[in-house]
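Protein sequence lines, in the order shown, are assigned to chains A and B.
Using numbering that gives the first Met the number 0, read the first sequence as starting at 0 and increasing by one per residue.
Using numbering that gives the first Met the number 0, read the second sequence as starting at 0 and increasing by one per residue.
To be clear, the hints were calculated from the coordinates, so they are not data collected in a lab.
Take the hints with a grain of salt, since some may be wrong.
Copies of the same chain look alike in the list, so a pair counts if it fits in one copy or across any two.
[Claimed, not checked] The calculated lysine-lysine pairs, modelled on DSS-like cross-linking and capped at a C-alpha distance of 27 Å, are:
| hint | residue 1 | residue 2 |
| --- | --- | --- |
| 1 | Lys-114 | Lys-64 |
| 2 | Lys-2 | Lys-19 |
| 3 | Lys-8 | Lys-54 |
| 4 | Lys-101 | Lys-19 |
Number of protein chains: 2
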Amino acid sequence: MDKINLSDKLDLFNETWTPKIISELNGQQVKLAKLHGEFVWHNHADEDELFYIIKGTLIIEFRDKVVELSAGEMIVVPAGVDHKPIAHQEVHVMLVEPAAIKHTGNVKHELTKEKLDWI
Amino acid sequence: MDKINLSDKLDLFNETWTPKIISELNGQQVKLAKLHGEFVWHNHADEDELFYIIKGTLIIEFRDKVVELSAGEMIVVPAGVDHKPIAHQEVHVMLVEPAAIKHTGNVKHELTKEKLDWI
């Protein structure tokens, strides 16, 4: 049970679209990710997903609207809702989502990671 | 499904030790709280609790150690672990914990709120 410094953890990796697990609670995992470019359209059938923006501006396209999130802002994408994250410049995010989730959700894609690492 | 600006939400209240609910996902709630002074020793028998520091320095006393958390740092206090938060100056935190949790855990105290508000 130690404290976690998000900035220190973010210094440990440079890969984009590859969330790293930093903690867990009540069956949820807390992850950090660096995002740059366009992700794929996907949804998570059974899992809500929290995005909290640490640095940069994240655009999330939904089928019916576009949301632009800046540092200090968050959104919860409900289970089953199609979304496509876009980061025109590098974005650092904290995610909270169930341990079992796949980050590309219902889509199998070259960006899909079968197993995420703890840092 | 709208974005949430933590700073805007924090401007909506001034009470200390009274978490306000801002979102929920997968049976967990996300809350904001302003802390100032000393809280009571307590634990949550069945719930892990995440503290993420937005502003200020939060001290959490445990039975066997003391952890000091600054802005950008977080800790998960596991279920059943006694803890006592102390804020010598005002601290703003984001909490993630199960919807059913009582913030004073196993302790009934004048600080205990029976029902938390959404903001």
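Hint check:
1. Taking the shortest Cα distances, Lys-114 and Lys-64 never come within 27 Å of each other, neither inside one copy (31 Å) nor across copies (34 Å).
2. For a Cα distance limit of 27 Å, the shortest separation of Lys-2 from Lys-19 qualifies both inside one copy, at 16 Å, and across copies, at 23 Å.
3. For the identical chains of this complex, Lys-8 and Lys-54 are neighbours both inside a copy (14 Å) and across copies (19 Å), given an alpha-carbon limit of 27 Å.
4. Taking the shortest Cα distances, Lys-101 and Lys-19 sit within 27 Å of each other inside one copy (12 Å), while across copies they are farther apart (30 Å).
When held up to the earlier numbered hints, the structure conflicts with hint 1 and nothing else.
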